[in-house]
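Engineer: Sequence:
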Amino acid sequence: MEVTHGRHLQKCAALHRRLSGRLDVADPLSQSHHAVCVTPLLRTEPKLNTDLTAVSATALAARIAAGELTSEALIAACFAAIKEHGDDAIFITLTEEPALAAARESDARRKAGRPLSDWDGIPVAWKDLVDIPDTPTTAASAVYEHATPPAQGAVIYENCTKAGLICIGKTNLSEFAYSGLGLNPHFGTPVNPHSGGDPLAPGGSSAGSAVAVAASLVPLAIGTDTAGSVRVPASFCGITGFKSSQTHYDKTGIFPLSDSLDSVGSFAHSIADIATFDAILRGETPRETPTGSTQKPNLVVPTNVVMDGVEPDVAACFDHALEKLQNAGYTVTRRAFPIFDDVVALFAKHGTLTVAEAATLHKDLLASPDADKMDQRVFDRMGTATQFSAQDYIQLQWDRARLERAVAADLGRDILVMPTVAITAPSIAALEADDDFFAQTNLLALRNTMLGNYLGMPGVSIPAGHANNGAPIGVLFSMAQSSDLDLLSHCHAIERNLVP
Numbered sequence: 002m003e004v005t006h007g008r009h010l011q012k013c014a015a016l017h018r019r020l021s022g023r024l025d026v027a028d029p030l031s032q033s034h035h036a037v038c039v040t041p042l043l044r045t046e047p048k049l050n051t052d053l054t055a056v057s058a059t060a061l062a063a064r065i066a067a068g069e070l071t072s073e074a075l076i077a078a079c080f081a082a083i084k085e086h087g088d089d090a091i092f093i094t095l096t097e098e099p100a101l102a103a104a105r106e107s108d109a110r111r112k113a114g115r116p117l118s119d120w121d122g123i124p125v126a127w128k129d130l131v132d133i134p135d136t137p138t139t140a141a142s143a144v145y146e147h148a149t150p151p152a153q154g155a156v157i158y159e160n161c162t163k164a165g166l167i168c169i170g171k172t173n174l175s176e177f178a179y180s181g182l183g184l185n186p187h188f189g190t191p192v193n194p195h196s197g198g199d200p201l202a203p204g205g206s207s208a209g210s211a212v213a214v215a216a217s218l219v220p221l222a223i224g225t226d227t228a229g230s231v232r233v234p235a236s237f238c239g240i241t242g243f244k245s246s247q248t249h250y251d252k253t254g255i256f257p258l259s260d261s262l263d264s265v266g267s268f269a270h271s272i273a274d275i276a277t278f279d280a281i282l283r284g285e286t287p288r289e290t291p292t293g294s295t296q297k298p299n300l301v302v303p304t305n306v307v308m309d310g311v312e313p314d315v316a317a318c319f320d321h322a323l324e325k326l327q328n329a330g331y332t333v334t335r336r337a338f339p340i341f342d343d344v345v346a347l348f349a350k351h352g353t354l355t356v357a358e359a360a361t362l363h364k365d366l367l368a369s370p371d372a373d374k375m376d377q378r379v380f381d382r383m384g385t386a387t388q389f390s391a392q393d394y395i396q397l398q399w400d401r402a403r404l405e406r407a408v409a410a411d412l413g414r415d416i417l418v419m420p421t422v423a424i425t426a427p428s429i430a431a432l433e434a435d436d437d438f439f440a441q442t443n444l445l446a447l448r449n450t451m452l453g454n455y456l457g458m459p460g461v462s463i464p465a466g467h468a469n470n471g472a473p474i475g476v477l478f479s480m481a482q483s484s485d486l487d488l489l490s491h492c493h494a495i496e497r498n499l500v501p
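Taking my numbering, the leading residue of the sequence shown gets 2, the next gets one more, and so forth.
Be a bit skeptical, because a hint or two may be false.
To be verified - The calculated DMTMM-like cross-link candidates involving lysine to aspartate or glutamate, where the alpha carbons are at most 25 angstroms apart (straight line), are:
#1 325 <-> 309
#2 325 <-> 496
#3 112 <-> 309
#4 325 <-> 415
#5 374 <-> 309
#6 350 <-> 405
Since the hints were made in silico from the structure, they are not lab data.
Using the sequences provided together with the hints, build the complete structure.
Structural biologist: Encoded structure:
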């Protein structure tokens, strides 16, 4: 983002003209359970693959507790759904035998009246940045394809294991988590389940995790988010995605991209699932399903930066979502949010923290012969860090702390609301064919979400509908740093008003 704001807007306008001329795709697959705003539809349960894998984690846990379902049957259904779906680019590693063995152990515990938690036996897919014992952590790179498996799992993985959750595999991503579009030349690109004849990008970097949930292969998946890597694919794939504050979870055992920006996140079909999952990831006993705060927060819609270059269908869907929330009693205020202009100006002057930290973390690799195995686009982006000075880095961190305080003072307990992404999912083929188009689209896809990472804000992308070509559209809700639990509580109520 080392461009002036004016040049950035020119690029966005040119990109919008190009995107608006692309081929339409077919209607969305019937698994979407969210109302379409451009062409209204009622909420329906997902219907891909099997009845079991299309059910929420909360509902599955209730069925297991009632004796209507075993964990072994559920895990077997997940692997059957994965095989039936047939997209080999979604998972890098599948752990079928260990998962089925763990499911049998879960069923035995429950039969003995000793489940580890209410969610004992529930399946989870893990982004392949998270250490899992006896499974290589590849970061979706050919460089680490045959890496030695770790003996110890990441803290968040171990917390899930203690609660009885079961890993079914590790999902694909943009190499080193360094793209908002989800393309991967090494392991393939997972296809967005809402594609028609022209396969659409899944969003990234947590592409495989988002597609696994959107295609109803698994009810829950883990992602990470440095500039939008959970919220962008959640929007593109029509599911719910939660990006935490940077310090909300223990990140020990997670392959880094940019230490000060990296956040853990999750994908599901509902806020209720994400709220329970959140407690488990933190090593805590889940609270009761959030009912939503009784006092409705004010919703602040920025009129600067985030609406620049927005596709007409995205704008229409966003406006319709705001109208529904206003009708439900929320106060919606459209106003300038000058802090966003400050962030854009800082990025234009100094560059971004992601570039500096990623290049520093991977400096030995970049200087080694193994660099030839990297995705050339990822290598080139990290290479721009040579223009980055220590003074630039320090200034960005100083200003970041100042602006985080400014956000807290400006918003208080209000929620920022904006389109998660200015565009809908683009064509994979078009992105693969043109480096300039890829770079411009990646910049625009991450434009809204990366503001929240720099400002330390937790965020939730909630599906709000589809464009006329069937591509999903999400709305992003964000609060000041460390307001994660309040945000999830509010979004539980907001979700009920957005989704019939």
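Engineer: Take the hints in turn and mark each one as holding or not.
Structural biologist: So, going through the hints one by one against the coordinates:
Note on residue 325 and residue 309: the hinted pairing holds, with a Cα-Cα distance of about 23 angstroms set against a maximum of 25 angstroms. Simply put, residue 325 and residue 496 have alpha-carbon atoms about 11 angstroms apart, close enough for the 25 angstroms limit, and the pair holds. For the given pair, residue 112 sits about 56 angstroms from residue 309 by alpha-carbon distance, which is inconsistent with the 25 angstroms threshold. Between the alpha carbons of residue 325 and residue 415 the distance comes to roughly 18 angstroms, so the proposed pair stays at or under 25 angstroms and holds.
For the hint pairing residue 374 with residue 309, the CA-to-CA distance comes to about 37 angstroms; that exceeds 25 angstroms, so the pair is violated. At roughly 19 angstroms between alpha-carbon atoms, residue 350 and residue 405 fall within 25 angstroms of each other, so this suggested pair holds.
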